[in-house]
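Spelled out from the first residue to the last, the chains are:
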Amino acid sequence: MRRLPILTAAVLAALSLSAHAAKVGDPAPDFTAADSHGQTHKLSEYRGKYVVLEWTNNGCPYTRKHYNSGNMQNLQKEWTGKGVVWLTVLSSSPGAQGYMTASDENAYIAKVHADPTAALLDPTGTLGHEYDARTTPDMYVIDPNGKLIYAGAIDDHPNDDPSDIPHSKNYVSAALTEAMAGQPVQVSYTRPYGCSVKYQGAD
Amino acid sequence: MPRLLRRSPLLALLSLALLVLMPEHRAKAEPSFSVTAPHLTVSLLVPPAEIYPGQTFTAGLDFRLEQGWHVYWINAGDSGEPPAITWKLPSGITAGAMQFPPPKRLPLGPLMDFGYENEVVFPIPMRVAADFHPSQPEATLAAHITWLVCRAVCIPGKADLALTRSALATAPASPTSDSTAQSLIARFQAQLPKPLPSSDTAIFSSTPKSFLLNVTGTKNASAQFFPLDETVIANAAPQPPVATSKGVQLTLTKDENLQAPPQKLNGLLELADGTAYEIHATPGIIAAATTNTAPSGGSSGFLGAAGLAFIGGILLNLMPCVFPVLFIKGLALVQSSQHERHRLRAHGWVYTLGILVSFWVVVAVLIVLRAAGRQLGWGFQFQSPTFLALMAMLLFFLGLALAGQFEIGLSLTSAGGSLAQKQGYAGSFFTGVLAMVVATPCTAPFMGAAIGYALAHSAWVSFAVFSALALGLALPYLALSYFPGWARVLPKPGAWMEVLKQAVSIPIFATVIWLVWVFTQLAGTTALMGLLAAFLLLAIAGWFLGRWPGKAGATTMAVVFLSGAIATPIWSVRTFGVPPQPVSAQSAPGSQLPAPGSAWEPFTPTLLAQSRAQGKPVFVDFTASWCLSCQVNERLILRRADVEQRLRDSGAVLLRADWTNQDPDITQTLAALGRSGVPTYALYPADPSAPAHVLPEVLTPGIVLDALAALPKPQQQTAAAGTE
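Chains as they are written, first to last, in the working numbering: chain E, 208 to 410; chain H, 26 to 749.
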């Protein structure tokens, strides 16, 4: 019994060692994942374009803050309109909050008028662990060379109150704007905020 | 709706009742001090019954949670959000910041949150102004509360709470208060982190992957660190604690994306008994102190360390790495025997000075580099291929001179005359420097603890302890120079001295071979070509000096070749030298056991922590290929059939920490043991809270076997091990 927390710690250590967390400034880990239409997306095929990864869970109040207000949809429309590949990632395990089948997700996207390039289904959490995604939302921006240039929160108001959105600094838009202008990204890493990603085995 | 209501008074009444019963509306109509929301009840606690001018008291925000649900600490960890409070207070009453008791680690799969389960009260200091003038007989203290409560899912919540208290214009004769609320707040107030006592220190050092946090005054083998700053450490990583003689030391894994080292490491240190300290650790050299071997603080610790260093210095004369220098010293002794007694003494002191000065220089460099944040220990200079190349060249050139290719100041035949006298003193000084340099890779018995102590304390302590070490090293020769009897024992100077001089070149060349071997492991075979070419250039320079002694042209040529010789290996190390990282156990064959039956694994701090967490003891051999006493111990003791067998049977995990190259993890692990150099042998019991047993630097089979036998016997799971 006394050993239990120690063992847990050891298992966690092993897990954290095996996870190749994405590091800002390094090449973003490549991945292959299927979207809600059954199409396969490979990160390396998007070389030459900016890629945004958005972890989502439509039951999470923090994700809802940005979808119910229309903020996330506006960002998706704005940046895909400028040629950015926007990939929404669902890492909730089956049975957990935010888990969606392909058809459910397509219906949800239509209902909330979301406009990502694709919604990647990651029920095993493989992609989530590869990027060490912690919360929903958790945002990643990858430049045309495949380098990770931003990781962290969507904006600087870590709460679930939509009335804060108008006066929030959106870190994703800032990173994309700066990088596209050839400038260094001022804020390249923040603590992501929101609900924990509902990974398999996370109870 | 109005029409509907007019038509049906009953329906109107019903909807009115519904409106009244709906919690939000009830809250709006008459704010309560307590609200039950999904999965929790939140209450405002204001113990005093009266509010009056000049009063201070502690209010509280109480969360009672359903089983399994939690709210968050001020730094929520990987996800979540702490509760927040916004007060609406009558003028004259002010509220301080919400205070957060120490949280619990809440693991969620690969993530780690910090928060509270069951119940938590956040104390809030309140103050009533001295000029508080109640306009009404009652004061209403209202607050808007927001929170996030999570289990598998997260639910944000908010509530408006309020309570009223009598408002008085002057302090009452006998104030009354709600003792239940007061004691509840007091219970959590007692848990609040305390400032670290001023007599204690919190410092941290930085490695590429982790921080080492050292806090004194809290001697404890079990502690947890909760970071106040986000994105500084990896929240989910385990924090292996080590008890030190004066406190506790934690290894904190850095946040993968940490951009710049923090100025301070801010957070809470919570001990096993629940005591918590607020820590604002500053960067510094981690004080090495261990529970068993290193002398602890105080003047007795200092005198002990200095005494041990002195004895260690004397014994250093007998260690294998000093062996070649003993020949040089013997040579110097013979040379000195020709002189008057006062000259002998002078030579003894100059030799001592040579040792002292060279120790001081190395210690000064070491202290400066460590202050700059480098993880270095004793013998660090042997981790530099350039230094090794220069050492090898120096000894090779010396060997050439001794073998008779040319004459240098050390020459026996040029005795007498003022210039030769000066050269004689320079020679004695140089012999002292050489003795120190060659002695460094051998950490003799008693020296490990003393050096560890010295480097963990202030600069003057370091200098004092190393001076004691230097004096110990110099003492045998110095004593001989004062001993009149010994000179008569030696034969009269003659041809035999030339023979001895040439013979001395043999161990010198042997030392060169050893240095070249170490150099090759550090810098690779391509860089080795540069060093070998340098030897050729040295030989040519020596030929010029020997063939045309004293001729200006020849000396110039010799200097040219010498310069080339020095430049070549430096250039080849820069150009072809392998980067230091990949050198580990597999590329250091000299420090590895033969493959069959070898159970040694390369050391990592994680492997050490994991093995102990799995209930296995761990034996760590801290070694380096430039450390001769390490090689001797490994070959003669650790590879002995019976010792090997017992190591295998003990169930201990065998780790080899190869410190041939710089390795911050190994340096820190050594520091945690109170050591700063190799050889070090440590036996870690399976219980992570138990201190490691550090074995002496000179091993015997008995020492190893006794240490293994002294291990607490954990699960005797293997029936096959019943042979003993």
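Mixed in with the good hints there might be a few duds.
To be verified - Keeping only pairs whose Cα atoms sit at most 27 Å apart, straight-line, the calculated DSSO-like set for lysine-lysine is:
1) H/Lys-219 / H/Lys-183
2) E/Lys-256 / E/Lys-289
3) E/Lys-230 / H/Lys-289
4) E/Lys-318 / E/Lys-354
5) E/Lys-354 / H/Lys-234
6) E/Lys-249 / E/Lys-230
7) H/Lys-234 / H/Lys-641
8) H/Lys-183 / H/Lys-271
9) H/Lys-183 / E/Lys-376
10) E/Lys-284 / E/Lys-249
11) E/Lys-230 / H/Lys-279
12) H/Lys-183 / E/Lys-230
13) H/Lys-129 / E/Lys-354
14) E/Lys-354 / E/Lys-256
15) H/Lys-219 / H/Lys-271
16) E/Lys-256 / E/Lys-376
17) H/Lys-183 / H/Lys-234
18) H/Lys-289 / H/Lys-183
In short, the hints are calculated from the structure, not lab data. What you are looking at is a predicted structure, and each value in this text was computed from that prediction instead of being measured.
Given hint H/Lys-271 paired with H/Lys-219 - CA-CA distance at most 27 Å
It holds: about 18 Å lies between the C-alpha atoms, which stays within 27 Å.
Would the hint linking H/Lys-289 and H/Lys-183 be met if the CA-CA limit is 27 Å?
violated (34 Å)
E/Lys-249 paired with E/Lys-230 [C-alpha distance capped at 27 Å]:
Holds. E/Lys-249 to E/Lys-230 sits at ~19 Å (cutoff 27 Å).
Keeping to a limit of 27 Å between CA atoms, is the pair of H/Lys-183 and H/Lys-271 held or broken?
With a Cα-Cα distance of about 46 Å, the restraint between H/Lys-183 and H/Lys-271 is violated, given a limit of 27 Å.
Satisfaction of hint between H/Lys-234 and H/Lys-183, Cα-Cα up to 27 Å:
violated (40 Å)
Keeping to a limit of 27 Å between CA atoms, is the pair of E/Lys-230 and H/Lys-289 held or broken?
holds (23 Å)
Hint check: E/Lys-256 vs E/Lys-289, CA-CA at most 27 Å. Holds or violated?
holds (10 Å)
Just to be careful, I want the Cα atoms of E/Lys-318 and E/Lys-354 compared with a cutoff of 27 Å; is the pair within it?
The given pair, whose Cα atoms are some 33 Å apart, is violated under the 27 Å limit.
Proposed proximity, H/Lys-183 with H/Lys-219 (alpha carbon, max 27 Å)
It is violated: about 30 Å lies between the C-alpha atoms, which goes past 27 Å.
Does the alpha-carbon distance linking E/Lys-256 and E/Lys-376 stay inside the 27 Å limit?
holds (24 Å)
Assess, step by step, whether the Cα of H/Lys-183 is no farther than 27 Å from the Cα of E/Lys-376, and give holds or violated.
Distance of about 24 Å is within 27 Å: holds.
Can the restraint linking H/Lys-129 and E/Lys-354 be considered satisfied, given a maximum Cα separation of 27 Å?
violated (36 Å)
Violation of the numbered hints given earlier is confined to hints 1, 4, 8, 12, 13, 17 and 18; the remaining hints are satisfied by the structure.
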